[in-house]
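Colleague: Next come the chains, spelled out residue by residue.
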Amino acid sequence: MIVRESPSSLKLFFVMQGSVVPKIYGRIISVALLSAIVLLIDQHVVTLPHISIGAMGIFGVALSLFLGFRNNAAYDRWWEARKLWGSIISDVRNLGRHLCLFVGDGADREHILSCAVAFAHLHRGFLRNVDVRTDVVPWIGEEKTTAMMAQQNPADAALRSMADQVGRLIEKDAISGFGQMTISQTLSAMAEAQAGCERIVTTPLPFVYSLLVRRTTYLYCWLLPFALIDSTSWFAPVFVAIVAYVFFGLQSVTNELELPFRKVQNGLPLDAMCRTVEISVSEALGREAPAERAPVNHVLT
Amino acid sequence: MIVRESPSSLKLFFVMQGSVVPKIYGRIISVALLSAIVLLIDQHVVTLPHISIGAMGIFGVALSLFLGFRNNAAYDRWWEARKLWGSIISDVRNLGRHLCLFVGDGADREHILSCAVAFAHLHRGFLRNVDVRTDVVPWIGEEKTTAMMAQQNPADAALRSMADQVGRLIEKDAISGFGQMTISQTLSAMAEAQAGCERIVTTPLPFVYSLLVRRTTYLYCWLLPFALIDSTSWFAPVFVAIVAYVFFGLQSVTNELELPFRKVQNGLPLDAMCRTVEISVSEALGREAPAERAPVNHVLT
Amino acid sequence: MIVRESPSSLKLFFVMQGSVVPKIYGRIISVALLSAIVLLIDQHVVTLPHISIGAMGIFGVALSLFLGFRNNAAYDRWWEARKLWGSIISDVRNLGRHLCLFVGDGADREHILSCAVAFAHLHRGFLRNVDVRTDVVPWIGEEKTTAMMAQQNPADAALRSMADQVGRLIEKDAISGFGQMTISQTLSAMAEAQAGCERIVTTPLPFVYSLLVRRTTYLYCWLLPFALIDSTSWFAPVFVAIVAYVFFGLQSVTNELELPFRKVQNGLPLDAMCRTVEISVSEALGREAPAERAPVNHVLT
Amino acid sequence: MIVRESPSSLKLFFVMQGSVVPKIYGRIISVALLSAIVLLIDQHVVTLPHISIGAMGIFGVALSLFLGFRNNAAYDRWWEARKLWGSIISDVRNLGRHLCLFVGDGADREHILSCAVAFAHLHRGFLRNVDVRTDVVPWIGEEKTTAMMAQQNPADAALRSMADQVGRLIEKDAISGFGQMTISQTLSAMAEAQAGCERIVTTPLPFVYSLLVRRTTYLYCWLLPFALIDSTSWFAPVFVAIVAYVFFGLQSVTNELELPFRKVQNGLPLDAMCRTVEISVSEALGREAPAERAPVNHVLT
Amino acid sequence: MIVRESPSSLKLFFVMQGSVVPKIYGRIISVALLSAIVLLIDQHVVTLPHISIGAMGIFGVALSLFLGFRNNAAYDRWWEARKLWGSIISDVRNLGRHLCLFVGDGADREHILSCAVAFAHLHRGFLRNVDVRTDVVPWIGEEKTTAMMAQQNPADAALRSMADQVGRLIEKDAISGFGQMTISQTLSAMAEAQAGCERIVTTPLPFVYSLLVRRTTYLYCWLLPFALIDSTSWFAPVFVAIVAYVFFGLQSVTNELELPFRKVQNGLPLDAMCRTVEISVSEALGREAPAERAPVNHVLT
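Residue numbers (the working numbering), protein chains in the order written: chain A, 173 to 473; chain B, 173 to 473; chain C, 173 to 473; chain D, 173 to 473; chain E, 173 to 473.
I should point out that these hints are in silico values taken from the structure, not numbers from a laboratory.
Check the hints yourself; a few may be wrong.
Heads up, the list lumps identical chains together, so a pair's fine if it works in one copy or across two of them.
Said to hold, decoys possible - Mimicking BS3-like on lysine-lysine, the simulated pairs with C-alpha atoms at most 30 Å apart in a straight line are:
{"id": "1", "residue 1": "K435", "residue 2": "K316"}
{"id": "2", "residue 1": "K183", "residue 2": "K344"}
{"id": "3", "residue 1": "K344", "residue 2": "K195"}
{"id": "4", "residue 1": "K435", "residue 2": "K255"}
{"id": "5", "residue 1": "K195", "residue 2": "K183"}
{"id": "6", "residue 1": "K435", "residue 2": "K195"}
{"id": "7", "residue 1": "K183", "residue 2": "K255"}
{"id": "8", "residue 1": "K344", "residue 2": "K255"}
{"id": "9", "residue 1": "K316", "residue 2": "K195"}
{"id": "10", "residue 1": "K195", "residue 2": "K255"}
{"id": "11", "residue 1": "K344", "residue 2": "K316"}
{"id": "12", "residue 1": "K344", "residue 2": "K435"}
{"id": "13", "residue 1": "K435", "residue 2": "K183"}
All values derive from a computational prediction rather than experimental measurement.
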């Protein structure tokens, strides 16, 4: 995630970071070139068939419809993913308070809360397909880490491990029925947030939309030069480039937001959020908390 | 569900899988032909009445409104269906943890959890109208399977069977009141997700929309050639074909997403999600888990 | 609710059932006639003032905005109503399971569940303003039916009656505190769904929208012929008829969906959903369940 | 709230009640006059600068965007307000049932339920800024009414009073822990609905939108005559009047819906909903229930 | 937040407070000047290339799409933030009632409720990055304030402190299991609202949108003069200024709403809401409540 102030008017057009331009400039330039060539041929070689700008308008409304829909759907996925991680953070804090109330603040609470940090890291590892071993081991030790990571769903294993520890407390009669119920509800809330994230990561937007939207965008930008011969004369290549920037740009943005967990510039800062979980747990355990992750070169991962 | 990387620019126009083109190419070609014939007649035989492109624009905005609404509604149904299955997955995992806490991890837990897997399969069988006998029997045995599948709503029968088993535990005083309440809430959550899926499968979008949208799309594409005589000349057939691709394509997509449980290319991968349930339960029971279902030819069913 | 396959391309234009055409053909024809007359007068009698198609475009965008909003709002009401009935169905199933767990499956459970069926029927009677006596009596008997239907809100009376029966079980100490709490929550869920339906039925969309939208639609369709003189020539009457079909049609659809409980073609199938409740309760009680209601002439009421 | 059948086509244009016309006819007429004057000057005095209709179209799309957004936001507030009152109604009914289960139907229940009616009235008094003393006194007596209305938030005081009464029952050991929890959750639900309504009433839509939308609407309608000189000739004043009706009308509607609790024609019928609460409580207490409030001159307040 | 009546038609155009004009008048004037210069050069020096208004229309639809999306997303954030604070208010009131029921109204309740006020202030301090020491100290004393503010997340520390106090009551056996569960749920609700606000404040809209939208708006307004040469003649500078007002204005509004907690004119009135919390707690404790915060110069902070 990019964290920076909006650039002033002057700098606005030269900021490349976080911009989609580096990804699409090839396409922008080719479309602008096409437009220039069309113009040259039309004026000096042979009159090309023109498309009225009104006809392109109809097409443009349809394309806007597509891109608008896709953009909304992708942003909703991104924001829902952020909400789910936000609820993981508050669930871990709740767990800390519930354990304090119903279990007391001894070693048991420490073990279970450490396991909650492991859960966050393992969940992140699953979503980003990265190895989180070094982040998990300090909290729950080598052995448990290995056991959990041997499972197909390590985060679920972490939740089960927490339940097991609560189960042992029940056997020792160290936790009331109310506590059992409250804590198992909190674990369920964490599991629901986890399943929500898995849903987003395993279920992309229907593939057919990608095809339909991308094809339509290309067709639109390739036809546009024929429509602008009449209506913009020598502005045409500039104008085509701008419109291509808008449409290819929007399409490129939605590609990034659609899968919000990847470690890309506009992805969600899972590392930073895992750190937030670590801070919350550290403070709840009365330990010194690590510092928040700071953005590196305006990017928070 | 189709699972594949977005094709590169080169391949983009030749990917047929997951595309709507195979379903609508007939309509696209006929409209393009119509356009060519209209053009020929207009230029060589008799001047046909023209429709101004502005008038078509008005119509186009209205059509976009329809298609946009229908597309949003269909996508919402598809995504809600996915959410409901996601919550079935997390509910089953929660059930496993709750049983562990309140019942212990003996045979009772195993029976109830197996029944939860049966629930998922039977629910899938209902939604897809397929026979799931062979998937259910390994989990709960011949006899129970037959009994459940004799009911009008086998998935509901599976839930009732789980409740019965909890009921027997209550009679044996083997589960606390807190456990009873927590587990019955989890079963209720599963029942709500199930009823949500039934709602989607039994209640299509109002039929009147289908008529209105389809008729309007046809009328639009048939009138378009008369509007393009003036404004695109010999580009007309190509242009009409593209617009027809956009509008018929969008309409065809929404038909698939509207009923998201069918075994079509853009349907939800119920088989794979049932497998996820099986994996979760297997891991919770300490058994070896089956492998995740892999997409066959990019399609996950 | 209409339940039928989408008609094939051939039949599409001749299906009248579920279509809005029968309701609006008068308006369509009059607008087409007006258009023909305007055209005749303009060409043979006296030149009429023309409206540029661009000006109509502005109007058309505004009208689309109105109709789009109204359509979304009406559909949302329809779908929310369906969701509420879906949750009534799952709440009744949950109630059956909870009674089984906390009360056992004796006569008490049977009485309370029968009362839940009565609740569904009485609620339907309230929403549709029909007499449901004959549906209720077989479940709870003459006397109780009469008593409930004497109340201003019979469905609420059914809920209170269920609470009374649970209250008597409490007095006999036949139900644990956990059971009391779980069951009273389930009854609350039913009451919330009921209040949601009452909200939809007693609160139509603000009247001012109806006026604004309907007036605007008429004005639009009456002005359109003056705008099409220039731009479509002898296509005008056909074109006007199609646009009128689109706009009057959409307005007519939203009128039906706005009040989703009425027994109209696009209304919700309350009878069939009450039958689903009966089936669920019958199966939960181990009785033979009645058959699902089948659509009559493609219509499910 | 206006409750009436949609008028037939004939009457549609003469219904003034519930229409926005009486509020905006001044603006409509002045814009139409301006248009006529512009036309006269342009044709007989001096050629005025024209604005192309295409340019107005761009402006029109932007304006539609504004009005559409504001309309959606205002309607959402209105509908959310209705939902919150709907949940107050069902919460009061739930409270009646819960008290019946956990407290029995003696005088205590009667006192607490009466207090719930007082809550509804006091809440309405706060939202509408009216004196509800005469409605409250019959339910909880002079003294308590005075005490509550002396607080800054009388409805909150009513909730606290209910909690106090439950507290006294706890001291007398007349209510189980389960009952305490269930009832306090119901009171919390009422408090949340109350806070939701307070949120809507104290937080209008951001003022900047009002400015932006109103100014833009005025500018648009004042510029429109210059755009219609070319494109509609003597239709211009009529056309301008219609467009002004549409845009000023929509803006005026959203002003009413934005603050849904005021006693205006399109406001929510708080009086009628408080009566519904009274009916529910009366029936729950076995008293004779008052009649529902009937609309006076089609208006339900 | 600005609290004032909508200005009458006369004043509407001169209200500067709450208007975006002061922020964007520079840009509006430069675009108008550009338009005048373009016009002059085109007519007296050399014919400049024109852009057809239809081409700008296509661009305008795309820009509207962007601005509309961004506006919706920003407003949703603003309104969600308001909802979260609304639920903090009702949660504090609920906490007061729950403590009254389960703990009694002694000193313990007073301490915990005072801590809830501190929570609200500390949370505000975090969101606005201001020092709230002077607001917190009167409620919980110097020492505790210092301890909490030494933590990275002071509001979370306040919640933990409340849990600690409940924990001590548990040790003294002064609160039933039901009370423990109810109160810990209320604390969890507060923590969830807190985490929701943190989510909004730490996660701005994706930076890429800001770039895309701002660049597109600039490009649009700079190209517009070339499109208006033909179609509006000497109206052009005025027209360009108005369109620039609309688009820059909307963009500026969304910048304010996107981060709703800042102390800006259209920000949320956190001070006033903290005062509402203080009033609720004071009335619950039977103390004299402070007066509500009144808007200063129409602005509530």
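Colleague: Name the hints, by number, that the structure is in violation of.
Modeller: Checked against the structure, the hints that fail are numbers 2, 3, 7, 8, 9, 12, while the rest are satisfied.
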